[in-house]
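> Read off the chains here:
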Amino acid sequence: MKKLIPILFVTLLTSCLTLDDNLFNNAKLDSYKLDGYTGEVDFILDNSYQIPDSLVSIFTLPSQASGESNATSIYAIYIGDIAKITTDTVIMYCHGNKDHMDFYWQRAKLLANTKSKNRFGVLMIDYRGYGMSDGKPTEDGIYADVDAALNWLKSKGLSNDRLVMYGFSLGSAPATKLSAENWSMKPDKLILEAPFASAETMVQDGSGMAMPGDFFTTLEINNGEKIKSVTQPFFWVHGEADDFLNINTHGAVVYNNYQGTYKEAHRIPGAGHSTIPQTMGFSTYSNVIGDFITTQ
Amino acid sequence: MRFQPITLFLICFLFSCAPARFVKPLQKKEHAANLSLGGPLIKYGTATIPIPFITANYGYGIDSTFTGFAAFNITAALYGNFQMELGATKQLLKQHKYVPAVSITPIANIIYKNKEAKKLYPQLAINAFWGYGKRKNIVYVGVDNWFELASKRQYEIKQKNRWLFMPMIGHSFIQKKWSFNIEAKVIAPNLSNEKLVVDYVTPLKTHGAFGVYVGCTRKF
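If you read the protein sequences in the order shown, they are chains W and E. Going letter by letter, the first sequence gives residues 0 to 295 in numbering that gives the first Met the number 0. Going letter by letter, the second sequence gives residues 0 to 219 in numbering that gives the first Met the number 0.
Bound-form chain E, shown alone (with noise of 0.2 Å):
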């Protein structure tokens, strides 16, 4: 049967694939707008290049521990589907010297297409970060997850991956205004890519993607 590659690849991640939104929070009663580029790599022609899902995100300083956010996937929405991401980054630890600051982000991730179509994603982001240097640039590492909600698949086909998780390394570099971002993630690595038409370029090689990701931050 054989679609086209970039079919299979839309369908496998499109809704996988967005960096972290907030790792550490922000000041309180702080705005910030974020837009990131990136997704995993594939193999196309004889290069290797990210697909380059598109996010929009906007984020308010509650407290100075916690952050309210809104994402927007943009790439999701040009093919009809809105997706919307609503969530919190909350800090739990405070760093010190070389232990790391911890947070968690909880997020509800809302897809609609129409009255059949429709999803809600819960996912969990768990992340260690360390400030450091004059500008406190931040380094952190995290596992993002996703749940399925639903049992059973069509045909009342029992649905054996109920958690995604995705390992993910990252460094922001934080301007006075501006900060930008640049992340790895691996994408699912327990799961198989082998019955996929794409070639993932992983790692891994026969399991999960591996995705990087760049984002610019707007402070105001």
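Extracted from the complex, chain W is given alone in its bound form (with noise of 0.2 Å):
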């Protein structure tokens, strides 16, 4: 017994448990429903968002992280024409972190028919372990899947200046990063949905208290020093009654950080952490994001 007790202690002190692997709140898919799909949404459009089948493609990626041997299969949704991508302009949508593509659709709808019926290509992805791709999820793991999706687009003749990054919520994460520094493509605007300053705000807001995040996650997400790398103009979006990602704490600090050339806050009242196109009324929230996306 005796001996046991160092060994036991040693253990314990040295313990590999970790929250990570609970941070991420992916769900698994067989396949994508869309419109079919019959779960928990966030809203649904009415028929006049509809997107024909032709311009629905759904295919896979391959991505790598740096460090990884072999590539992960990610699923991908493009609505629009691929062929297309060479002229129009296309907005790369880095989703939540809540359960899939298909949880998605309708905020993908949304923005192809931002301003007008099929005004924008969209490119969707489910990072790794999300939906139907394969994999587990990790920080490192998100950016190379998001590359990947900016790859595709290049392979496709997307240019830089025809490209926005939107970033809802964990979105936001990789969205800003791949922003800030040189990967496969350079946006040319940055568009936030309730975005989060870092994971040590959130275990700041959580526990009320100064605590290093660094006692619970070794995620190293920072909006809110990777934003000040960004020089592309940037668009902030931010409910006020968010409960989940204070908007005083995390979206405004991003926004303050913001250094480049041109940005716009849009401080919703009454929007929740999921509720701004509603709140905002999808015909508003659609010009306010097709204004900044055609004008800037």
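Please keep in mind that the hints were generated in silico from the structure rather than gathered at the bench. C-beta atoms are modelled at their ideal positions from N, C-alpha and C, and glycine is treated no differently. Among the clues, some could well be false.
[What the hints assert, rightly or not] No farther apart than 30 Å at their CA atoms in a straight line, the calculated lysine-lysine pairs in the DSSO-like style are these:
#1 Lys108/W to Lys27/W
#2 Lys227/W to Lys112/E
#3 Lys83/W to Lys114/W
#4 Lys155/W to Lys116/W
#5 Lys227/W to Lys135/E
#6 Lys227/W to Lys23/E
#7 Lys153/W to Lys32/W
#8 Lys108/W to Lys83/W
#9 Lys227/W to Lys185/W
#10 Lys151/E to Lys262/W
#11 Lys159/E to Lys227/W
#12 Lys116/W to Lys262/W
#13 Lys159/E to Lys262/W
#14 Lys227/W to Lys118/E
[To be verified] Output of the computed footprint for chain W on chain E, the stretches with three or more beta carbons under 8 Å from beta carbons of chain W:
#15 116 to 128
#16 155 to 165
[What the hints assert, rightly or not] A few chain E residues that face chain W, going by a derived Cβ cut-off under 8 Å, partial list only:
#17 Asn80
#18 Ala87
#19 Lys93
Quick one: dock chain against chain with the hints and give me the complex.
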């Protein structure tokens, strides 16, 4: 027994349990149902937002993060005519932490119909471990996955000046990082909806104390710092009633730390974390996003 | 973004979930080892359960009114954080019939992960307790206080909450060598719990959390 005590002590101190595995709220799918999806969604658009089947493409992409020996197969959905990517403006939509692309399909459709019917191309992916994508979610993996999507867009003829990066919630991390750094493409504009500032801010908001994020997570996501390297025009929208990512401790920090050429803020009274488009009204939401994309 | 509920639960209360250590000091030169289990009540599926935080505690009676102790948070260690409490309980007043005895317990709560991630939280618990019956069982009420020394959070944001208080009530069943303890605590009733993913079960509904704890102590 005496021998066991120090072993137990050392085991505890060097324990490998981590909260990181619990951070990603992904769900697996056997197939994508899109409009036929009957699970929980934030909102459902009426038929005027319908996308013709001919403009919906579901395909896989190989994604390989640095240090990985093999590529991971991830799923992507492109809304628009792939043959016209050479001339269209495309929104790279980085979805949030919840579930999969079926959950975010309505949001992607809304963006595709921004300003007018099927105005913009939209590319959305399921990060590794989400939906039908293989693998397990990791921070580096998510960046690699979005970069794989950018690489595909580039191969289809998209130029940097027609690429708009859009990040919602968790998606604000790859959207900000890939806008700030040199990856396969350099987006021309950055849109963040309900972004979070950092993993540490989440810890501090959650605990109410000024605790180091390292106590709980190895995630290095720090949009509040990374945004300082973004020079492209920046659009921020956040619900004032966001009960998950506080507008002041998260979104406002990202917005205030932006040091680029142009930024605009949209604080939406009464909107929660997942209810910005509904609260604004789909038409208003669509118009302000569209105005930013077309005029900046 | 919606993280899985257990994550934010652990974030929120990993460090504030322990029962009172020694409400009544040990006898002079008396040793005691304690293991306690418990945490805030949350809804988990259809059930309401306390999350089982585990702490181990060792105390020594320096004199009959003053006990020093050290506690080790086993749950924190499982997540790679070294967390230890070093403290002492001093009895200030003796019980006179229905007028309770009073003790105070200052604690240094030390948490260490690495050079960049380390914290010291001073704590101060104040308890009133009554001994009764043949075995001198104890019932106690008190308040535990946590103090945040940092004035700023990440990004130089002002740290609003510098003081967390936790009212509590407990009972110790005293045996000759063993004692068993049960305690209920309202954790941070001054703070809203509405911006957390977890469904805390608390009488205050939108504020704080409600914790229950059990523990056993062996004196020797």
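> Work down the list of hints and note, for each, if the structure agrees.
Each hint tested on the structure:
Under the criterion of a C-alpha separation no larger than 30 Å, the hint pairing lysine 108/W with lysine 27/W is consistent with the structure, at around 21 Å. For the suggested pair lysine 227/W and lysine 112/E, the alpha carbons sit about 28 Å apart, so the restraint of at most 30 Å is met. At roughly 18 Å between alpha-carbon atoms, lysine 83/W and lysine 114/W fall within 30 Å of each other, so this suggested pair holds. With a C-alpha separation of about 22 Å, the suggested pairing of lysine 155/W with lysine 116/W holds against the 30 Å cut-off.
A distance of roughly 64 Å separates the Cα atoms of lysine 227/W and lysine 135/E; the hinted pair therefore is violated under the 30 Å criterion. Using a Cα cut-off of 30 Å, the hinted pair lysine 227/W and lysine 23/E is violated, with the two alpha carbons roughly 55 Å apart. Under the criterion of a C-alpha separation no larger than 30 Å, the hint pairing lysine 153/W with lysine 32/W is consistent with the structure, at around 27 Å. Restraint check: the Cα-Cα separation between lysine 108/W and lysine 83/W comes to about 18 Å, which is no more than 30 Å; the hinted pair holds.
With a CA separation close to 16 Å, the supplied pair lysine 227/W and lysine 185/W stays within the 30 Å bound. Restraint check: the Cα-Cα separation between lysine 151/E and lysine 262/W comes to about 27 Å, which is no more than 30 Å; the hinted pair holds. Restraint check: the Cα-Cα separation between lysine 159/E and lysine 227/W comes to about 25 Å, which is no more than 30 Å; the hinted pair holds. Proximity of lysine 116/W to lysine 262/W is assessed by CA-CA distance (about 26 Å); at most 30 Å being required, the pair is judged to hold.
For the hint pairing lysine 159/E with lysine 262/W, the CA-to-CA distance comes to about 28 Å; that is within 30 Å, so the pair holds. For the proposed pair lysine 227/W and lysine 118/E, the alpha carbon gap of about 28 Å is at most 30 Å, so the pair holds. Given a C-beta distance limit of less than 8 Å, the hint that chain W covers the segment 116 to 128 of chain E holds, as 4 residues qualify and 3 suffice. Given a C-beta distance limit of less than 8 Å, the hint that chain W covers the segment 155 to 165 of chain E holds, as 4 residues qualify and 3 suffice.
Because the smallest distance between the Cβ of asparagine 80/E and any Cβ of chain W comes to about 5 Å, under 8 Å, the interface hint for this residue holds. The beta carbon of alanine 87/E comes no nearer than 23 Å to any beta carbon in chain W, farther than 8 Å, and the hint placing it at the interface is violated. Hint status for lysine 93/E relative to chain W: violated, with the closest Cβ pair at about 36 Å, above 8 Å.
The structure is inconsistent with the numbered hints 5, 6, 18 and 19, although it conforms to all the rest.
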